[in-house]
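Could you build all of it, start to finish, from the sequences and the hints given here?
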Amino acid sequence: MPVLKAYISIGSNLGNRLVNLKKSVLLLSKYGKIKVIRVSPLYETEPVGEVKQGLFLNGVVEIKTTLDPIKLLSVCKEIESEMKRKKTVKWGPRVIDLDIILYGTGVVKLKGLTIPHKEISKREFVLRPLVDLNSKGRHPVFKKSYLRLLKDIKGGKKVKKYGKSV
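Per our numbering, residue 415 is the first one in the sequence shown, and the count goes up by one each step.
The hints are simulated quantities; they were obtained by calculation from the structure and are not laboratory data.
Virtual Cβ for every residue (Gly too), placed ideally from N, Cα, C.
If you anchor each label on the Cβ, the simulated ranges turn out as follows: (1) T480 to K525: 21 to 29 Å; (2) V433 to D566: 28 to 36 Å; (3) K498 to K466: 16 to 24 Å; (4) S579 to E460: 18 to 26 Å; (5) K525 to K565: 32 to 40 Å.
In structure tokens:
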């Protein structure tokens, strides 16, 4: 498998959110076939959906990997499990959430995995930190830059830069 660049969104709104994000990046970096390149600035964001819950801390991790997308997804799920993520309700509170938002420069459509993440163009809390790392990148389906997609978002959830980073 060739070395590919991928981007993983990270988010937490339970417990010590900053510690949770730091731990998730550390666990990613300890995996043998993943090299963490950079981590975006963090953003405090309102949750998606109607479930009453606390604010999220969100960011994006740029990695290089030789893992195929399914194995990378498996690693993300293992980290969530190790960090005691419990799935309760859709868009509910979570200790940690890791989503592969980009893998290489193409499109991946497999059972249980679509990359780029299908909601990426609607989510400022994903696009803003992604643009911090990859402002010139282009969405392979929409053929627009991530910066353009970010500028096109109207009336989304509140996203505010957080003072600390991972």
